[in-house]
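Trainee: If you count by my numbering, then the sequence shown holds residues 2 to 194, one letter each, in order.
Possibly wrong hints are sitting among the right ones.
[Stated by the list, open to error] With a straight-line Cα cutoff of 30 Å, these simulated DSS-like cross-link-like pairs (lysine-lysine) come out:
| # | residue 1 | residue 2 |
| --- | --- | --- |
| 1 | 54 | 29 |
| 2 | 126 | 54 |
| 3 | 54 | 181 |
| 4 | 126 | 181 |
[As the list claims (entries may be wrong)] Computed Cβ-Cβ distance ranges for the label pairs, DEER-style:
| # | residue 1 | residue 2 | range |
| --- | --- | --- | --- |
| 5 | 105 | 183 | 43 to 53 Å |
| 6 | 46 | 102 | 25 to 35 Å |
| 7 | 160 | 130 | 17 to 27 Å |
Hints in this document: simulated from the structure, not taken from any laboratory. From a predicted model like this one, the values you see are computed outputs, not experimental measurements. Positions of the beta carbon are idealized from the N, C-alpha and C atoms, including for glycine.
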Amino acid sequence: MFRKIAALVVSLIALPMAVNAAVIQLPKTGQSLCYDAAGTEIACDGTGQDGEKQLGVAWPQPRLVENGDGTVTDNLTGLVWLQNANCFDVVPWAEAFREASELSDGECGLVDGSAVGQWRLPNIKELQSLMDISGTRDALPAEHPFTGIAYSYWSSTTHAVYTASGWVAIHDGSVRSTPKEGSFHVWPVRNGQ
């Protein structure tokens, strides 16, 4: 009986790791430097940090493509982003969902034929996927085609413990949770065609 329980426990622990390892391949972050606990730049050799390892899927070239219709396609993720990243007023979290889902052709510079319901609020991982953290200020990839970049954007992701808070992505590449009553920008996304 003990062996059966032990085998079951090992299987339950190993299964999620095996499934997750096979499902997703993370992209390169762009990080090329390494830091100590105080945030001081250090030599990368032997740190095991991303700046040393340089692991992940290489970014396609070009990474971001302006489609000429008010949208930008991310060739790494396949997502289509609104080119105008500052089309909406800052709004609370619940209203951000409505703003994103009601976006359609003819608004915010869109001439893509999209209809209400095709756009949505991105999750925090989708927002983070846009970030190139090799820079020091704006974390978007160099020469990105977006316009009107604002300081912070709502994601659709709720904090796992503090459910009255949602996750916000900051233009410098950081993320934070904040109460959903707060007001931040909306940057709609849709799945690629």
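Trainee: Compare the structure with each hint and give your call.
Mentor: Hints, one by one, checked against the model:
no. : hint                   : in the structure
1   : 54 to 29               : 10 Å, holds
2   : 126 to 54              : 21 Å, holds
3   : 54 to 181              : 37 Å, violated
4   : 126 to 181             : 18 Å, holds
5   : 105 to 183: 43 to 53 Å : 27 Å, violated
6   : 46 to 102: 25 to 35 Å  : 49 Å, violated
7   : 160 to 130: 17 to 27 Å : 19 Å, holds
Of the numbered hints given earlier, the model fails hints 3, 5, 6; all others are met.
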